[in-house]
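Engineer: Use these hints to put chain B onto chain A, whose structure you have.
Going line by line, the protein sequences match chains A and B.
Quick note on the numbering used here: the first sequence kicks off at 1 and runs consecutively.
Quick note on the numbering used here: the second sequence kicks off at 1 and runs consecutively.
Calculated directly from the structure, the hints in this document are not laboratory data.
Hints should not be assumed to be uniformly reliable.
With the C-beta cut set under 8 Å, the calculated list includes, among others, these residues of chain A facing chain B [to be verified]:
id: 1; residue: Y13
id: 2; residue: N44
id: 3; residue: L52
id: 4; residue: I75
id: 5; residue: Q88
id: 6; residue: N117
id: 7; residue: P120
id: 8; residue: S121
id: 9; residue: A124
id: 10; residue: R126
id: 11; residue: E127
id: 12; residue: C140
id: 13; residue: Q151
id: 14; residue: V155
Predicted, not measured: the structure shown is a model, and the values here were computed from it.
Don't be surprised by glycine CBs; every beta carbon is placed ideally from N, CA and C.
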Amino acid sequence: MPRISVTVDGIAYEEDVEPRLLLVHFLRERLGKTGTPVGCDTSNCGACTVSLDGKSVKSCSVLAVQADGSAITTIEGLAANGTLHPMQQAFHEEHALQCGYCTPGMVMAAVDLLRDNPDPSEEAIREGLEGNLCRCTGYCNIVRAVRKGAQDMAVKTP
Amino acid sequence: MSEVGKARRRKEDARLLTGRTQWTDNMQLPGMAYVAFLRSPMAHARITRVDVSATRGLPGVIAAFSGPDFADEQGSLPCAWPVSDDIVIPDHPPMAISEVRYVGEAVACVIATDRYKAADALDAIEVDYEPLPAVLDMNDALTEASPKVHEAGNQAFTWKFGQGDIDAALRDAPVTIDRTYVQQRLIPTAMEPRSVLASTDGESFTLWSATQIPHVLRVMLALTTGIPEHKLRVIAPDVGGGFGSKLQVTAEEVLCLLLTRRLGKPVKWTESRSEGNLTVHHGRDQIQHITLAAEADGRIRGLRVELLADMGAYLMLVTPGVPLLGAFMFNGIYKMDAYDFNCTGVFTTKMPTDAYRGAGRPEATYAIERIMDELAAELGLDPIEVRRRNWIKHEEFPYTTIATLTYDSGNYEAATDKALAMFGYDKLRAEQADRRDRGDPVQLGIGVSTYTEMCGLAPSRMLGSLNYGAGGWEHGSVRMLPTGKVEVVTGSSAHGQGHETAWSQIVADALGVPFEDISVLHGDTAISHKGMDTYGSRSLVVGGMAVLAACEKVKDKAAKIAAHVLECAPDDVEFAEGTFKVRGTEAGRTIQELALATFAAHDLPDGVEPRLDADATVDPGNFSYPHGTHLCAVEVDTETGMTKIRSYVAVDDVGRVVNPLIVDGQVHGGIAQGIAQALFEEAVYDADGNLLTTTMADYLLPSAADLPTFVTDRTETPATSNPLGVKGVGEAGTIASTPAVVNAVVDALRPHGIHDVQMPCTPERIWRALS
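Isolated chain B, as found in the complex:
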């Protein structure tokens, strides 16, 4: 039976369940010192003096430094995505030198013998600040009168995109709907705080980091610090979640590397959660002005998007690229004649934003799925019906959208029909009508989201056309060991996704070897010599395909050797379930036996190298387009504003499924994070630019008690863009669920004349909207 498709329990679990995990903060090296950072308490200020001298002689203190001490070597934190010609990429010193631009920016550091003493000594550092005005509101920031975050002004870039005649589409349209949606600022909050350990032998450097991107980090650290790339090894050991937040080149990574060089001893830094809330890049934070024009029957004519995207104080690794990833998704699954997208990136004196689960696509999907409900309400149509009238029909694939992407496959009808049946849509609508008639203080709301998204980042040519600084390929190696066991190396860097299990399933099928005979290695640039790492739901559809391609090469080579050993023509060899046989006979050799033969190498065909292994680097031909229909029923208490999710149904189409357990897990977690944006989470700054939500007591991650059990199922429309027919799944749930929940909340409140509630839809916001 095929391994692909089995609900294999994960190989990763054994160490995670027994506390034998290798988190970066677990590691201790001989002579290791601890780093603590002094951070700016001001949103915007000139630094007129920093004096670390009083830390000298304090118990355990080894050294203390401020920005000027590293001015010549710390470089500027990189932005790899200069999206436009007019982009302003300000200098971003890892430790501030003359000016701070957000609360939490590193100003000085102490290195001490333990973490408590390092923290103690921060109190002895003196800093004089000359306050400058905070810049907090994007609209204000773009006015002439606004104080400037950077000398060049507060506009980071502008970016336009479109197709079709948008003016014609909007002119005299029977229905035009204008809405402004606010994507609040979020804090990604991976459960493992960031941690960095750096060490040197005087010539070579090793950096352990809780990162999603060991390979990208190595290149960027070499470019930033001047440490030669071949003298730098980056290791991502076990990493406790990322969701985009660990897709970054951070000040702390650069500085730990420089500190180990300066001090000649290993140094470790681990953030506290409150430090992390301030300084892990934030997500979302956009103001979306959407105009949708439609015919009287609900058919969409055109869509115009005017987007303001808050960059925060600096452009980090892919900060300006995040809204671009959304630019291709505002049209969703719908056909239309014209589309127009304009984006302005804005600097403010807040923590920079960057990728957070979905990165651009959740924002876009929210806008289109919210406004589709508004269109339905305007026309008196059922929200499902208005979607049916506009979506791409299954027989129309492959379909090139108004945003120029070619969706390779999909079946929106099938997913929607299945979801509606599971949800009991008609019955819930009847109950809703009844509650409305009765004037029940607890109103029922029903929300739908029929999403797709582009993931599996990405065709390198496409990234090049968008000015991204790197490619979208991935690498895999498959090495058969003399005993027939298999080592798989992947350039994709797992941090909870289950690569070790899923890749083993793929390789087990491809090579016909037992699942248990396969090990998967990743996350160390000395073991995995090239890779593009993990983000954008790319691991399986790009990294998995690289592993599969390497398997094919191994098999091709093994077939030649098998023909030689079996003394038959290569064409007479057939391969099934791990065994090469002479066609029509029982004579054969298993691939695991051949691995031993290639180790001995006593009798190989001419021109065939010893050992059975292969590398493959794969560049995807297209993005991956998972899709699905999510339905949410909420009960909103109109007297208290409290929302309770009563039921949640998701039918996702992620193509062929390698491991249904892992897919369900990804969907569950994704839905929870999307619900969190809809109902719970928001990073709040006060009028002076202080972050108020610095702890988990203030920034509300949903607990088990806040969420229902999600009812999930799948349709399976194989992708045509890769040999396994698989699609990405890591971000789909998050993309789908936010609009489904808010659509439900608004649906509950619509009889009260409410057509929007700003996220998060807290009891207070709903109560205020009602009163």
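If we strip away everything but chain A, and leave its shape as in the complex, we get:
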């Protein structure tokens, strides 16, 4: 069984894994990082989105062995010192979640979207989040939240 070294939310792990083990199952079942949920098996829904070396990936479409040597940030590692990330705070303020199942992936994807485009238009947000599905909100408040998150992050890092 291959051995992999990964850093997840700031903690280093060394684990033996089956070559076929999906990253999301590695996170959830091996490391107990259940903040990242699974919503489908065809990489359509995006619920399992995490950051892998600074880029968002759908962790159901990555093998754990492919993450060897990488640093991963999940929704559990986004808040710093008990303070919500501006994007998490914006989702709260704008009521951009209901059941919350898509939320971890949606927030991670939104943060990644801003890395490419720190000031996205509504259209750019809608296109940028196309790979993350939500069944509850109709996306209106998610779009608002991402706009607000972008503004708040711009204020924080001028």
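Structural biologist: Showing chain B alone in chain A's frame:
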């Protein structure tokens, strides 16, 4: 300031935003094993042999079973709604024993040490099937020559209802319009897949499930498996959406319970999405034959509905009741002299249907709102005008409809006028005329839907008269703790609706305690000892009222204690903002202080029990009737068939609003799901009965890029049927939006001689209709 009405940010969000949510699949218990099911690849077949023996000795495999291994204990999955005397309720074993009747039906299972090994071992199970003919088309299914799904035939039930002389209404009517509308089969697709974890200590059982109905599930599992109800605890932890799909007693829940009993260890099963598309109950799937008769001025004389409803292969929890919930809604908001409804439930070899957001009312609302547009077109009237000529006027409430419901309140004029102004109706009509004149390849269509619906399920007496197996009450407890904090227990089981926030607002006002001092508990039968759970937009209007009633009892008791402590007559005590005062003085005690006094219980009036808490169980006196006007503008490219929603305006009247943020969220999500039916989603079976739309790549949930921003507003006509004046809101958007969108699409295409497009109105369907 009143908490009710404030846009409070939700209490639920903190855990959901940081990944500390307790989904069922997150849980791991010591020694826990994983279950995987082998499912039928045939739509209809006799099982001649199942052999699980080759799984023995495979890595990680603990056990494997087939249907016959549980024949004596698995019972039959329940149907709680035997709607008619002629109903046929076929035996529905959780794991098939001798015959399979839809693709995906469980045939065998493997229990292993991890989910990968369980899935691997399924390959070692051998099953011999003797194919039987699939039954897929409802009309064909009802013919003599059709193969049978069940021995008793393919008719599940018939159900009739009506009032007035429909024959007289139709005879010699100046205008008669006949239409057949198809409600395609939908897959509810809550984002959280189903998951079940069952555990036992040898005597008692605990079942965690991603369910909307922990209380109903506990009763039904006890009845189905024979495990005594008092030895069974059901927990719905955080649940990631339901939309009706988790209002079910499933094969997997029954079998996980039996497997933990058989193996003596905890077992967990979590579906994959493709497994879920096959086996989570589906929604809609009706063929509606509608006849509407009207006077030359557009006034409706009568409406006749002939409905075929696809039950799928079996009757599940409320499968046959879904079309009945629509039976009272085909008349919509309109007055008429006669109404006639006939429904036939039909068995096919497909996944059973059951409740999906709106359950019966979206189907009915679609039919009436579509045919109102046809009436307008026939008469050359504006679709708004034809509605105005028929709807119940605001001064006519309460109004008893032709379908025998009494709508307690409403103001259709106000909602419509507001929506028209926001939408810019006249300007869009002018643009439409211009585009038509120019022969613009991109045509503009305008669609309206003036809906109401019956929700807040439901008066128990009414459910009894419809043969439903349970009541429609709800329970609430309010417990003041010694430190003055408040624990609220609700029998309603939240899965995204925001109960913890909304109930806190209601209790904060009722008891005059801070919003932050209140916790709301739900979803565990050991904590919430009775309840009827969450569906049919019932949580606030029934469950919220039970909590409010419990608050009133707490306050009454506290008033007695306050009078005693303040040494005054009970009549001299007045309560405001959390404080009991002697009338006309400043002397007083807060209710939170009194909670401590009742904990010490050193000095209580005679006959008053220690502690400040109360239970209330409330049975609603009537349904709840939210209403509203939705307007949609679409651009349809007549060269490609592509539809783009240009603007969408919704004015809903959900009575008094407890939390406008939550209401807007419910409306947004509801509209999106209704649009999804209109334009995107359809569960498709091939000619052999294989589901083709098993993944999210094939079953098209709309993404953010597919939808516009919805412009929403409200009118506020308080309900008269409950003390807060609130109405249900969970399903309203879905009910309203589907016909608004399809009316817009058809409106765009009407100059091309098109008066219907079957849902979903895909580019291909529109392009074919045009060519």
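Engineer: All hints are to be evaluated individually against the structure, with a verdict given for each.
Structural biologist: Evaluated hints:
{"no.": "1", "hint": "Y13", "in the structure": "violated, 17 Å"}
{"no.": "2", "hint": "N44", "in the structure": "holds, 4 Å"}
{"no.": "3", "hint": "L52", "in the structure": "violated, 16 Å"}
{"no.": "4", "hint": "I75", "in the structure": "holds, 4 Å"}
{"no.": "5", "hint": "Q88", "in the structure": "holds, 5 Å"}
{"no.": "6", "hint": "N117", "in the structure": "violated, 15 Å"}
{"no.": "7", "hint": "P120", "in the structure": "violated, 12 Å"}
{"no.": "8", "hint": "S121", "in the structure": "violated, 12 Å"}
{"no.": "9", "hint": "A124", "in the structure": "violated, 10 Å"}
{"no.": "10", "hint": "R126", "in the structure": "holds, 4 Å"}
{"no.": "11", "hint": "E127", "in the structure": "holds, 5 Å"}
{"no.": "12", "hint": "C140", "in the structure": "holds, 5 Å"}
{"no.": "13", "hint": "Q151", "in the structure": "violated, 17 Å"}
{"no.": "14", "hint": "V155", "in the structure": "violated, 20 Å"}
Checked against the numbered hints above, the structure violates hints 1, 3, 6, 7, 8, 9, 13, 14; every other hint is satisfied.
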